[in-house]
Amino acid sequence: MAWETVIGLEVHVQLLTRSKMFCACSAAFGDPPNTNVCPVCLGLPGALPVPNGQAIRLATRAALALGCTVQPRSVFARKNYFYPDLPKGYQISQFDEPLALSGAVEFESPERGRIRCGVTRLHVEEDAGKLIHDRFPGKTAVDLNRAGTPLAEIVSEPDLRSPAEARAYLTTLKQILVYAEVSDCSMEQGSLRVDANLSVRRSGDPNLGTKCEVKNLNSFANVERALEAERDRQVALREGGQRIVQSTLLFNAGTGQVKLLRSKEESHDYRYFPDPDLPPLVLGKAWIDEQRGALPELPEAKRDRLVARYGLTAYAAGELTRERAIADYFEAVVAAGADARHAASWVTGDAMTGYNETGRFAVLPVRLAELIALVAENVVSNQAAKKVFASPRMADPSAGSTRAIAEALGLTQVSDTGALAGWVDEVLTANPKEVERYRAGEAKLIGFFVGQVMKRSQGKADPKGVQPVLVERLNGK
Amino acid sequence: MNIGPDGVLHVAKLAEIGVDEQELPKLVEQFNRIVDYVAQLDDVPSDTKAAPFVAGPTATPLREDVVGPVPLARPPAAFAPEFADGFFLVPRHGAMEDL
Amino acid sequence: MTAAAVARETGIRLAKADADGLNATLHWSQAALDAEAARVDARPARGALHATPIAVKDNIVTTDAPTTCASRILDGYVSPYEATAVVRLRAAGAIMACKTNLDEFAMGSSTEHSAYGRVKHPLDPSRVPGGSSGGSAALVAAGAVPVALGSETGGSVRQPASFCGVVGVKPSYGRVSRFGLVAFGSSLDCISVFGRTVDDAARVLETMSGPDPLDATTRADRPPLAASAARADLKGLRIGLPKEYFPADLHGGVRAGLDRTIKALRSLGADIKDVSLPYSKYAVPTYYIIAPAEAAANLARYDGVRYGRRKVGPDGDIRSLYRATRGEGFGPEVRRRILIGTYVLSAGYYDAYYRKAQTVRALIARDFQRAFAGGIDLLLTPTTPTPPFKAGEKTDDPVQMYLADIFVCPVNLAGLPALSLPVGRDGGLPIGAQLIAPDFEEARMLSVAGALERVLRPTEEVR
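Residue numbers (the working numbering), protein chains in the order written: chain A, 22 to 498; chain B, 8 to 106; chain C, 36 to 498.
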């Protein structure tokens with residue numbers, strides 16, 4: 022009998038602020054340990070938190086981008102537990118009155134087509150510090166630079182039905198948050214972290230099974246792998262007639278296995294209560310509306326618009342909107358006068374090679390637009406255009422026009438009949454046997470002659486112009 | 008309400024406070040005395056309502072997102088119990104690496 | 036008078052207080068006093084508190100002396116930053132005279148719960164000075180300093196002010212920044228002031244007041260506190276006497292002290308009216324849920340990881356470090372309160388205790404609001420149910436100790452300003468009367484207290 026997998030995800034993203042959530046320390050990543058610390062984020066006696074307005078603004082943007090309802094009043098709460106990376110012995114978070122409720126993410130499921138996954142809530146909280154276990158023998162080192170940096174936690178509904186679907190949801194969620202300029206969502210730098218809840222039930226059973234939480238997921242691929250492992254573990258237990266015990270597990274990316282961290286009986290009692298240092302967070306409707314108005318175009322809307330406006334295929338539009346910078350570059354190239362379909366093909370083609378390596382588009386949009394026009398006018402061949410595109414001068418605003426660059430590189434085509442005739446005559450003279458054979462009826466040799474002309478012209482001859490001249494000479498003699 | 012030694016020790020574990028075994032009976036007795044005393048709030052009918060009271064402003068002020076200078080007259084090394092190479096140090100614990 | 040001269044004189048007086056065995060100071064030195072004086076004398080202009088020596092309760096952080104909260108867990112800790120209140124006082128030319136003894140982390144009503152020993156009452160060493168700001172109260176009462184900072188969470192300035200026969204003023208919650216006041220019950224904590232006179236205390240309070248960008252609970256939407264002269268008469272002033280604060284079994288001396296105060300108010304032209312604050316009787320149990328709950332979280336930071344005393348237990352791991360550091364670093368009363376606070380927030384008990392206490396807190400506050408909305412300008416009550424009690428009398432029974440704050444802690448729950456004024460003595464022991472004002476109406480309360488101060492003779496026997 023078939024089993025259905027039910028998955029919900031808790032995603033933490035670091036908000037792109039300069040300073041920390043509750044103090045004026047830098048939120049920068051990678052500084053020497055314990056240099057971005059102050060009385061507040063060290064939890065010194067007498068220090069008090071004051072919320073960062075920009076963190077609230079970014080969290081609100083994230084909530085609106087996910088279609089959540091931003092609450093006019095939300096409350097900061099203390100989550101109490103002891104850990105060496107948690108300076109105050111509690112984390113300032115939000116509990117029963119979060120910043121935002123009930124949104125959704127629409128995305129392409131590998132199994133079910135276009136679906137929506139509900140977002141239960143989004144709240145703001147502060148991050149903990151970092152522990153380093155391998156640097157001092159027998160000791161754990163504590164770096165509190167990250168302690169107090171602002172996070173948004175996004176909790177999904179248990180709407181996901183497979184590990185692959187969970188991954189697709191995460192990909193879309195990240196895309197939206199990066200578009201909204203809320204977070205850079207870099208799993209490598211820890212600015213996006215995922216905890217996953219999974220349960221299984223008999224297909225058709227309306228009740229949810231007992232869920233387990235999987236932690237320590239450091240890439241989208243590992244989220245998928247960990248959930249597969251956990252699904253298989255639970256199904257095997259259930260098939261064997263055993264019950265699932267609610268617990269927290271850790272994924273080991275090396276072995277691909279999950280292992281038990283703690284069962285529910287050992288679970289924490291966080292003793293949440295409203296933080297008396299912080300009055301309620303009150304956000305006016307006008308302010309929320311202003312944030313909504315300031316949201317950039319989100320991926321889905323942008324994709325639809327690219328299809329409608331430029332006549333692109335859904336696939337091409339999807340590729341172009343994968344990241345906002347790609348779509349922006351594409352539109353800049355079109356705005357500079359390029360044909361949209363050719364621009365799309367360039368941007369998703371040659372331009373992506375450099376972008377994937379460097380994270381930026383080196384060639385100026387106007388140059389690419391010019392290049393596309395030169396190809397259309399047969400001034401530059403498709404082949405030569407790739408070489409022109411790869412030239413560093415295309416990124417240099419002072420390097421003159423694209424035509425000048427192509428000419429300087431010797432990559433413009435010659436379509437002048439007189440010049441072409443010269444090369445044609447040289448080729449015919451040099452290959453009398455082939456001329457004989459052609460004239461005897463071997464018409465396919467025309468390709469050989471074109472190739473020879475291209476070679477003799479060092480690629481500069483316009484192949485479309487070469488053939489009529491060849492035919493004329495061959496037939497005329 | 009009667010909270011036994013196990014109950015008090017459970018709370019002490021949550022609060023990470025070591026309790027001396029010799030102290031425990033007296034602590035349990037005082038704990039119960041205080042809990043019994045505060046339980047007199049049960050006399051206030053549970054359906055009694057009042058607008059929630061918030062000490063201080065009704066809305067939190069928000070800070071500008073500006074990085075300020077580090078306001079420490081002395082660096083962490085000056086007050087940390089154990090500090091090396093810029094890090095606070097604590098005893099290593101296997102289970103900690105798992106969280 | 037130069038600050039240098041004040042510093043010398045203050046040193047002599049502090050040394051005498053120490054020699055008398057009050058045990059009221061924790062950290063001071065003549066060298067530090069002289070350095071403070073040099074700083075003040077070098078200023079081009081005289082500040083509002085020029086050369087005023089101020090004793091500071093040792094739960095308010097200063098960079099030039101330790102801040103221990105009278106706890107072993109902070110033994111030797113010197114703060115790397117300074118409290119906003121202290122920064123403002125220094126900027127006004129005040130001299131930080133010394134740090135004063137207190138109940139550990141301000142938890143107590145007798146200053147017997149100090150890791151550095153109990154503070155003695157200046158008039159009777161067998162008695163307590165009240166608490167938790169007992170060191171500051173005793174120093175002002177002994178004449179060592181004219182003013183001192185204390186802190187209130189549930190009456191910790193007014194109660195010792197009453198016991199010691201000095202003025203104690205608690206401002207509205209949000210009037211004075213808590214930044215740098217070591218947190219106990221954050222929704223209740225207020226830096227407060229002791230003074231020989233109402234005016235002394237008022238000037239210090241005025242200097243410390245005002246919104247602070249470092250404390251989100253200060254009020255930027257309230258008018259500043261302007262010092263106001265004592266009123267010559269109190270015509271038209273309506274004083275409410277809440278009947279719940281005058282129980283039949285009230286101590287005779289305290290009752291006589293209040294009778295005398297009421298008479299004085301009438302003679303100044305005030306109208307006296309009976310009022311009722313029915314929920315105040317639940318203030319102590321409400322307080323002993325809310326304050327410990329907040330304290331349990333506030334004191335979680337003393338974990339031996341970043342600062343303060345560390346003790347590693349037998350297992351040698353991090354949990355063992357936590358339990359030994361906290362089990363041995365905190366004294367019995369602090370441990371008890373952390374445990375109670377942890378319990379009332381724990382799974383399954385939150386609604387029965389913490390949430391219920393929040394409801395009752397709102398009811399207590401509503402009683403006050405209704406009384407003031409009903410035309411009462413100020414409330415008058417006894418500050419304490421009895422004169423100062425004997426040391427050791429209540430240390431074994433935490434609940435009896437808590438009841439010493441029965442008249443003062445409702446005000447903290449409601450966030451209101453209040454003060455205790457010495458109104459006479461009974462058997463040589465001071466009696467205090469409490470004035471309670473509406474939110475941010477400190478000026479009214481201080482001007483009435485000033486008027487009373489002129490006509491009452493606080494060292495006179497009340498019966």
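One or more hints might be untrue.
[Unchecked claim] The calculated DMTMM-like cross-link candidates involving lysine to aspartate or glutamate, where the alpha carbons are at most 20 Å apart (straight line), are:
(1) C:Lys316 x B:Asp54
(2) B:Lys20 x C:Asp350
(3) C:Lys429 x B:Glu36
(4) A:Lys160 x B:Asp92
(5) A:Lys100 x C:Glu368
(6) C:Lys346 x A:Asp106
(7) B:Lys20 x C:Glu363
(8) C:Lys346 x B:Glu89
(9) B:Lys20 x A:Asp106
(10) C:Lys429 x B:Asp43
(11) A:Lys476 x A:Asp437
(12) B:Lys33 x C:Asp386
(13) B:Lys20 x C:Asp461
(14) B:Lys20 x A:Asp437
(15) C:Lys429 x C:Asp350
(16) A:Lys195 x A:Glu428
(17) A:Lys160 x C:Glu476
(18) A:Lys323 x A:Glu127
(19) A:Lys236 x A:Asp106
These are calculated hints, taken from the structure and not from any lab test.
Hint check results:
1. Restraint check: the Cα-Cα separation between Lys316 (chain C) and Asp54 (chain B) comes to about 19 Å, which is no more than 20 Å; the hinted pair holds.
2. For the suggested pair Lys20 (chain B) and Asp350 (chain C), the alpha carbons sit about 15 Å apart, so the restraint of at most 20 Å is met.
3. Under the criterion of a C-alpha separation no larger than 20 Å, the hint pairing Lys429 (chain C) with Glu36 (chain B) is consistent with the structure, at around 16 Å.
4. Distance check on the hinted pair: Lys160 (chain A) and Asp92 (chain B) sit about 13 Å apart at the alpha-carbon level, within 20 Å; holds.
5. Note on Lys100 (chain A) and Glu368 (chain C): the hinted pairing is violated, with a Cα-Cα distance of about 24 Å set against a maximum of 20 Å.
6. With a C-alpha separation of about 18 Å, the suggested pairing of Lys346 (chain C) with Asp106 (chain A) holds against the 20 Å cut-off.
7. Annotation: proposed proximity of Lys20 (chain B) to Glu363 (chain C) holds, straight-line Cα distance about 14 Å (limit 20 Å).
8. Pair hint Lys346 (chain C) plus Glu89 (chain B) holds up; C-alpha atoms about 12 Å apart against a cutoff of 20 Å.
9. This hinted pair checks out: Lys20 (chain B) and Asp106 (chain A) have alpha carbons roughly 19 Å apart, not beyond 20 Å.
10. Between Lys429 (chain C) and Asp43 (chain B) the alpha-carbon distance is near 18 Å, which keeps this suggested pair within the 20 Å criterion.
11. For the hint linking Lys476 (chain A) to Asp437 (chain A), the alpha-carbon distance of about 17 Å falls within 20 Å, and the restraint holds.
12. Using a Cα cut-off of 20 Å, the hinted pair Lys33 (chain B) and Asp386 (chain C) is violated, with the two alpha carbons roughly 27 Å apart.
13. About 47 Å separates the Cα atoms of Lys20 (chain B) and Asp461 (chain C), which puts this hinted pair outside 20 Å; it is violated.
14. Only pairs whose Cα atoms come within 20 Å are accepted, and Lys20 (chain B) paired with Asp437 (chain A) is rejected, the gap being roughly 91 Å.
15. The straight-line distance between the Cα atoms of Lys429 (chain C) and Asp350 (chain C) is roughly 37 Å, outside the 20 Å bound, and the hint therefore fails.
16. At most 20 Å may separate the alpha-carbon atoms for a hinted pair to count; Lys195 (chain A) and Glu428 (chain A) exceed this at roughly 43 Å.
17. Under the criterion of a C-alpha separation no larger than 20 Å, the hint pairing Lys160 (chain A) with Glu476 (chain C) is inconsistent with the structure, at around 55 Å.
18. About 14 Å separates the Cα atoms of Lys323 (chain A) and Glu127 (chain A), which keeps this hinted pair within 20 Å; it holds.
19. Proximity of Lys236 (chain A) to Asp106 (chain A) is assessed by CA-CA distance (about 17 Å); at most 20 Å being required, the pair is judged to hold.
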